[in-house]
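Chains as they are written, first to last, in the working numbering: chain A, 1 to 295; chain B, 1 to 59.
Simulated from the structure, these hints should not be mistaken for lab results.
Any given hint might turn out to be false.
Below 30 angstroms or equal to it, Euclidean Cα-Cα: the simulated DSSO-like pairs (lysine-lysine) are [to be verified]:
(1) K142/A with K113/A
(2) K88/A with K15/B
(3) K113/A with K44/B
(4) K142/A with K108/A
(5) K142/A with K88/A
(6) K265/A with K15/B
(7) K15/B with K59/B
(8) K88/A with K44/B
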Amino acid sequence: MKHVRMALAFLLLLPLGGCAPHVNLNTPSDWRPPNEHEVFYTAIAADFGEPGLCEKIAGRAVDESNPGMRGWVVSYQRSTCYFYAALKARKEAWCEPIRSVIAIPWNKSNISKSVCRQVVRDQGQGYGYSPDPFSYLDGMMKEMGYSDEDRYEGQYSLNPVNNEVYRFYASVRETAAFRARVHDLPTYAEAFAADRLRPATDQEVLTQLLAIDDSSAELCQKISPNSFAEDWYGSDRPSSSKIALRNACLASVAAKTGQAAWCAKIIPLKSTGIYSLSTEECRTSVAVQARQGGR
Amino acid sequence: MASFVDVLQQLGYSKPFLDSPPNRMGWSDYYIYYLSHRADAEVKRRFVERVAALPSFSK
C-alpha cells in the first residue's frame, strides 16, 4: 500500500519535474548499491559460467544506472549475476532465480527471466555485453592471496622468452653454480613408448634450455623421449601444437654445432601426433646451417 | 607437474625473477590473456575456489 501511494504521488508530481525521478515498486526498503565484491562476483560468474558465486551477493543489493531523461536501468545485482552466468554457460535453468525490478517510469533493464531464457535460446546472439572485473581486479587478486609469483608464472606461460622468469634464467645461466645445479637434476632418460607420451616436466624444460644454450647433447639425453612441450604459439596451429622435447633439443644442438651425428639419436614419432624433425630432416638442417655458416 | 618457477626455487633461487617494469604484466593482462584463456582447467578451478572463499553478503 505504501508503494502504491508513493507511485501515485510520483505520477502527480511528474509533470512538475524536469529530470524525472523514479520509484522502485518491489525492492526492499533497505536496498543498497552493490559493493565492490558483489560487482566482482558478477563478472567472475559471467566469465567462468559459475552461478554459485551469485549466492554470495546480498538480496538487497540493487544496481541503478543511467538515471536521467533517458530512463532508468535497475536490477538486483544477484539477478544480474545469474543472467550473465546463464548466458555464458547457455543454461536456461540458471535464469530461474532472476527477479526483475518493477519501476515507475518504465525500467529499461534487460535483466529478467524471460529475456534471459530468450537470449540463451538464441545462443546469445545480439548480446555482446558482459560485466568485466577490471575496476576491482587488482585489490581482489591481492585479497585472494595472488602474488607476483603467480603473475610471473602467467607471463611465462604466455611467452616463455619475454618474461621475468626467463630474464632471470638468462642472468644466471653462465654461472658455474647454476650450471652445476641443472646438471644435477634427475635424468628422465627412458625407453620410448608411444603409449606413455606425456607433457614435459619443468625440470626437462629447464634442462633443454641449458642444453641448447650450452650445445650439450648429453644434457638433451636426460630428457625423456616420451615428453612433449606445448607449442608456445600453437593456438593457431593445433595440428602441430605438441613438440617432442628431446628430439627438438638434439636437432638444435646438431644444427648449432654442425655435428650431424646427433641426428641419429632422434627417435621417429610418426603417427603419434607429436611434431618432430626426422633424422633426415635434422641432417638436412645441419647441412643447410653449415653452408650458411661456411663450415 | 611442478611449475618452472618452482624448479628454479628448488635449485636454490628463492626469487627467480628479473623484473622489467616496462614489460611487466599487470593483473588485467593476467586475467584476460592467461586466466581466461591460456591457463589449464586446474588453474581456472583454483581461481574460482579462491573467489568463492571471499566474503559473502547477506545484508
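Evaluation of the provided hints:
1. Restraint check for K142/A and K113/A: not satisfied, since their Cα atoms lie roughly 35 angstroms apart, outside the 30 angstroms limit.
2. Distance hint between K88/A and K15/B is unfulfilled; the C-alpha atoms sit about 38 angstroms from each other, more than 30 angstroms.
3. For the proposed pair K113/A and K44/B, the alpha carbon gap of about 28 angstroms is at most 30 angstroms, so the pair holds.
4. Pair hint K142/A plus K108/A does not hold up; C-alpha atoms about 36 angstroms apart against a cutoff of 30 angstroms.
5. A hinted pair counts as satisfied when its Cα atoms are at most 30 angstroms apart, and K142/A with K88/A qualifies at roughly 26 angstroms.
6. Between K265/A and K15/B, the direct Cα distance comes to roughly 36 angstroms. Violation of the 30 angstroms bound is thereby established for this hinted pair.
7. Straight-line distance between C-alpha atoms of K15/B and K59/B comes to about 42 angstroms, which puts the hinted pair past the 30 angstroms bound.
8. Taking the CA atoms of K88/A and K44/B, the gap is near 15 angstroms; set against the 30 angstroms cutoff, the hint holds.
The structure fails to meet hints 1, 2, 4, 6, 7 from the earlier list, while all remaining hints are met.
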